[in-house]
Amino acid sequence: MLAYILRRLGQSVLVMAVVSLISFSLFNFVGDPVNNMVGQEATREDRVKIYQELGLDDPIFTQYFRFVGNAVRGEFGLSYRSKRPVDELIKERLPATLELVLVSAVIALVFGIVAGVYTGIRRDGWLSKFILSSSLVGVSLPTFIIGIGLIYLFAVTLRWLPSSGRAGIVDLGWWRTSFLTLDGWRSIILPAITLSLFQLTMILRLVRSEMLEVMQTDYIKFARARGLSERAINFTHALKNTLVPVITIIGLNIGALIAFSVITETVFQWPGTGLMFIQAVDFADVPIMAAYLCFVALVFVVVNLIVDLLYVFIDPRIRITGR
Amino acid sequence: MLLEIDNLDVDFKARRLTVNAAKSVSLHVEAGEVLGLVGESGAGKSTIGNAIIDLLEPPGQVSDGSIRFNGEELRGKDEDAMRHIRGDRIGMIFQDPQTSLNPLLRIGEQLVETIQKTKRVSQAQAQQNAIELLESVGITEAKARMRSYPHEFSGGMRQRVVIALALAGDPDLIIADEPTTALDVSVQAQILDLIRGLCKTRNLGVIIVTHDIGVIANIADRVAVMYRGNIVETGDVKQILGDPQHEYTKSLISAVPPADKRLHRFASVDYIDGTGDATANTMQRIDINTHWLGKQSQLQQTHIDKDNKAPAIEVSDLSLSFKLQGAILKRNRRMLKAVDCISFAIAQGESFGLVGESGSGKSTVARLIAGLHKPDAGSVEILGQSVLGSQKDPLVKAARLNLQMIFQDPYSSLNARLRVLDIVAEPIRFYKTSDNEKHTRQIVKDLLDHVGLGADAALRYPHEFSGGQRQRISIARALASRPRVLICDEPTSALDVSIQAQILNLLKDLQEELGLTLLFISHDLPVIRQMCDRVAVMRHGAICEIAETETLFESPQHEYSQHLLKLMPRMDVFG
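Keeping their order, the protein sequence lines are chains R and P.
Oh and the first sequence: position 283 is 283 in the working numbering, straight run, nothing missing.
Oh and the second sequence: position 490 is 490 in the working numbering, straight run, nothing missing.
Just chain R, with the same shape it has in the complex (with noise of 0.2 Å):
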């Protein structure tokens, strides 16, 4: 148990290497960092002195072992555009993408649980088809056209909620957060539902395939022959044996969710992570970039390893093996 852990650890750093390798190759290919800094009327003097404070004349290794080890105390430089430390640019816009994500994540959950357990059982029902059908819609349309329509819809036509922005927050020193206002909810509301069609419409169909299939198997046939009701072996017997392959497809989602709610947060104009790097990619600010890209992929290890470590405690087989 304890090698499988620290092997799926030592994949996680193996993973952070390749990312930070990527990362920090950008800046050598994305344009010339100094060049980037300076103005027009810079001296050449003055570009050599600056290329010799970023340390940029050192061997490539020494630069990238630099950058690693500032990477890894969170210190990314300064951004080329506001000028300012970019981890503390991150640490300001990261509650609102957090709290988008969790709000939009928990509606992916709930409705796709509930409704591909209850498209898997009442298969021919007309209510099914209805969800089953509508759900397409979740999957083929982009996510900026219902992000327009939402928009067009609720806050346009019927006024009901804000179109955009982060309205309501409340300050608790260390995170910025829009739970406690009412105005805060209502700003969150269809940014999330934006963010979640997708991954609802996924999570429900796997959720439905699955309990297709569990519900063939010979320990559904037993259980009913033992005379249990048809809610335990619902959501007990068939339930539990359909969240391995949904807690996967989960955990990838979740990351998506956080590196990808880029258009969201541009359709609503949410000031998060997501905006703050469309913004860094129009005026080519290398050190956000950099840092967003190791920040993503920070996120999608730690979702994945806490993923592996779930099947283990759903699945006592795994425990055996220990793959």
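Heads up, some of the hints might be wrong.
[Said to hold, decoys possible] Keeping only pairs whose Cα atoms sit at most 25 Å apart, straight-line, the calculated SDA-like set for lysine to any residue is:
(1) R:K221 - P:L104
(2) P:K323 - R:V312
(3) R:K240 - P:K323
(4) P:K323 - R:I220
(5) P:K117 - R:I220
[Unchecked claim] Which bits of chain P does chain R cover? Going by a derived footprint, with three or more residues having C-beta under 8 Å, they are:
(6) 111-123
(7) 155-169
Derived by calculation from the structure, the hints in this document are not laboratory data.
Glycine included, every Cβ here is placed at the ideal spot set by N, Cα and C.
For chain R, the structure is supplied; the task is to place chain P on it using the hints.
For chain P alone, coordinates are given in the frame of chain R:
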């Protein structure tokens, strides 16, 4: 009368036609009695079991008749009422203990859940009952085993847990659907004893659904024989097995390979009510002396002398271990010795049997000889030529060409996307042993004729054939490289007894005709006795005993052989 079924009809309505899975079936079971329901696959015996507890797979439904349980009509009861019958009053045991327990729940949880549902007792009381139940089905240290998961039990132990679960609600009737089919013969005997014992001590009525007449002979008080949805004969077990009245029962019993004497051929089940396949009669034989099949290929001729007197197969000190758990340090690795220092030689033209229980390594030996695994140590020679060298070596290739294999499962051993023509022609095309494509097609058609399928089969796909017919295709494919040695790995264990008789007869005929050497692997002792000249008994990867078949069956030397023979289901008591 515990259970009384009267004129029961079960229909499966498909889009166009309706299949009558059971036609006016009448049965009855008393408390304390074991009723055997026997028949071949598709006879509708499982359907009856499922119909009793109203768990027919859709679109199956009971269309007529009555099912009275303790005098109460079960037909037409709603789902809620049926749920209180299932488990509480009628318990069910399924075939495969590997799949009938939920793999993610501890067996204690599954037992307690069922006990609480059926008896409405407290958690602690249910816990106590569960431990007692486990003890009563012969599981030691029951208290500790409550916390185990299903995969931590062996097959036989799991089936005991399944029986405990079926008994949890103290039912009056147990329906056991092929309860021992997935188990080894020694475990089968224990489970049958257990069911029989429980039937007597708890005064249960038991219905055993099985295709195995040996099981019926061992456990049942009365038998009902099913054929195509009808009960053709019912009565006392001694009377039915000893003096069957109906034609079908007679031929079914005669098709079971007798354990006590050797016959030249198997009696085949010829009771087919006018609709069966008559392939056996229209079969066209080819003349071996003039046909392609009787000649040797260039490759075979140049490298292996026709007068070669070397053993067909000779293995010495063959070993193979599988890695159970990998580790960097050698001493931490857990290895399973699947085959442990095995040596034997099979003379040309001989039938050699390899018998043992599951996990004894008998199939691994076959796969090693066929080159599907590489041995850790030892040598394999086919017709005097070592075959462990480079596969490109023409000598090795020629020797390999002389050996073909027939696998156990006729469903997964044929590529479903290829036509039978291409399946059978593959070895011919691979070794380029025919003159041209037209010749290849002609050979395939002749081969299909020769194994009793008819040349028309060539253009069809495997799914259009039954299990027995598919096994004929496998045999035709094996013959297509004109081998002198055939390895048959449990060729009939997935087949019904009547089909088994046909396939075994076919193998015997081909052996005589072509002078084939057979390595015949089976767990079924009576089949081995009918098929083989010499037998090796395997256990835990090693050979316990090699003897002439008749010697082994009459006076086994090794303790384990004696044990196996004692457990062999016998019908001769009624003969």
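Taking the hints in turn, this is what the structure says about them:
1. R:K221 - P:L104: With Cα atoms ~16 Å apart, K221 (chain R) and L104 (chain P) stay inside 25 Å; holds.
2. P:K323 - R:V312: holds (22 Å)
3. R:K240 - P:K323: With Cα atoms ~31 Å apart, K240 (chain R) and K323 (chain P) exceed 25 Å; violated.
4. P:K323 - R:I220: Outside the cut-off at roughly 33 Å; violated.
5. P:K117 - R:I220: holds (16 Å)
6. 111-123: n = 4 at 8 Å, threshold three: holds.
7. 155-169: holds (count 5)
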